[in-house]
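Trainee: In terms of numbering that gives the first Met the number 0, the sequence shown opens at residue 0 and continues consecutively.
It cannot be assumed that every hint is accurate.
As the list claims (entries may be wrong) - Straight line, CA to CA, 25 Å or less: simulated SDA-like cross-link-like pairs of lysine to any residue: (1) Lys35 x Ser68; (2) Lys183 x Lys93; (3) Lys81 x Leu124; (4) Lys36 x Ser52; (5) Lys106 x Asn117; (6) Lys35 x Lys183; (7) Lys161 x Phe112; (8) Lys81 x Gly47; (9) Lys106 x Asp44; (10) Lys93 x Lys36; (11) Lys106 x Ile85; (12) Lys35 x Asn60; (13) Lys183 x Thr146; (14) Lys36 x Asn80.
Just so you know, these hints were derived from the structure itself, not from any lab.
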Amino acid sequence: MKTLFKNILVLAVMLGTLTSYANSTLEVSPTFNDVKKGNSITVTDSSGLVVFSGLINFNGNISNLYDFSQLNDGVYTIEVNKDYEIEINTVEIKNNTVSFINQGSEKFFKPVFRVEDNRIIISKLALNSADMQVDLYFENELIHTETISGNKVLNRIYKLDKTIKGEYSAIVTSNNRVYVENFKI
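All chains should be modelled from the sequences, with the hints used to inform the complete structure.
Mentor: Next up, the structure:
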């Protein structure tokens with residue numbers, strides 16, 4: 000009698016477990032969960048209209064910090080601008096249900112500028128093998144231009160004449176984005 004009772008109990012637990020797995024919905028979480036205070040977020044709709052833009056006020060998971068289900072049905076692009084990278088993800092809203100589309104996920108790394116004495120060092124991680132165009136300006140006049148490609152890490156060191164003092168600008172164009180660094184020598 001005890002074994003029959005145990006077998007029925009095991010069967011009931013197995014059926015309950017099996018049915019709970021059959022009814023559960025799989026929710027895809029975003030790959031850019033970890034956001035920090037000070038990062039910026041931009042949400043655009045499928046026509047390119049900016050729906051929301053602002054700074055993130057808390058550290059944490061982006062799906063917990065923002066309620067995307069309140070948006071109208073459609074496809075939206077969420078761009079999180081972090082310290083050294085930009086992450087772009089696509090979400091689809093249907094009947095107040097948010098689905099993160101992983102195929103639309105992109106990550107770009109920003110160039111890093113460092114000025115030491117009369118040198119400017121420009122580095123960029125280019126995992127997606129994008130070219131980097133560098134334009135150097137002195138007092139708003141172009142003094143050097145170069146397109147860098149080929150490696151996963153793009154590095155350049157430019158030595159400037161230390162006798163020519165004034166305002167310099169380094170403009171880097173990569174991934175259809177422009178990054179500007181102004182500095183003085």
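Trainee: For a C-alpha distance cap of 25 Å, please report whether Lys35 and Asn60 respect it.
Mentor: Holds. Lys35 to Asn60 sits at ~9 Å (cutoff 25 Å).
Trainee: Given the hint that Lys183 pairs with Lys93, test it: the Cα-Cα distance must not exceed 25 Å.
Mentor: Roughly 51 Å between the alpha carbons, so the hint for Lys183 and Lys93 is violated.
Trainee: Between Lys106 and Asp44, is the straight-line Cα distance small enough, at 25 Å or below?
Mentor: Status holds; Cα separation ~19 Å.
Trainee: Would you check the hint for Lys36 and Ser52, treating anything up to 25 Å between C-alpha atoms as holding?
Mentor: Satisfied, since the Cα-Cα distance of roughly 14 Å is no more than 25 Å.
Trainee: Is it true that the CA of Lys93 sits at most 25 Å from the CA of Lys36?
Mentor: violated (29 Å)
Trainee: Please verify whether Lys106 and Ile85 have alpha carbons no more than 25 Å apart.
Mentor: holds (6 Å)
Trainee: Could you grab the alpha-carbon distance between Lys183 and Thr146 and see if it respects the 25 Å cut-off?
Mentor: holds (23 Å)
Trainee: Are the Cα positions of Lys161 and Phe112 separated by 25 Å at most?
Mentor: With Cα atoms ~18 Å apart, Lys161 and Phe112 stay inside 25 Å; holds.
Trainee: Would the hint linking Lys36 and Asn80 be met if the CA-CA limit is 25 Å?
Mentor: holds (11 Å)
Trainee: Holds or violated: Lys81 and Gly47, Cα atoms, limit 25 Å.
Mentor: holds (21 Å)
Trainee: Compare the distance between the alpha carbons of Lys35 and Ser68 with 25 Å, and conclude whether the hinted pair is satisfied.
Mentor: holds (22 Å)
Trainee: Is Lys106 within 25 Å of Asn117, Cα to Cα?
Mentor: violated (32 Å)
When the structure is compared with the earlier hints, violations turn up for hints 2, 5, 6 and 10 and for no others.
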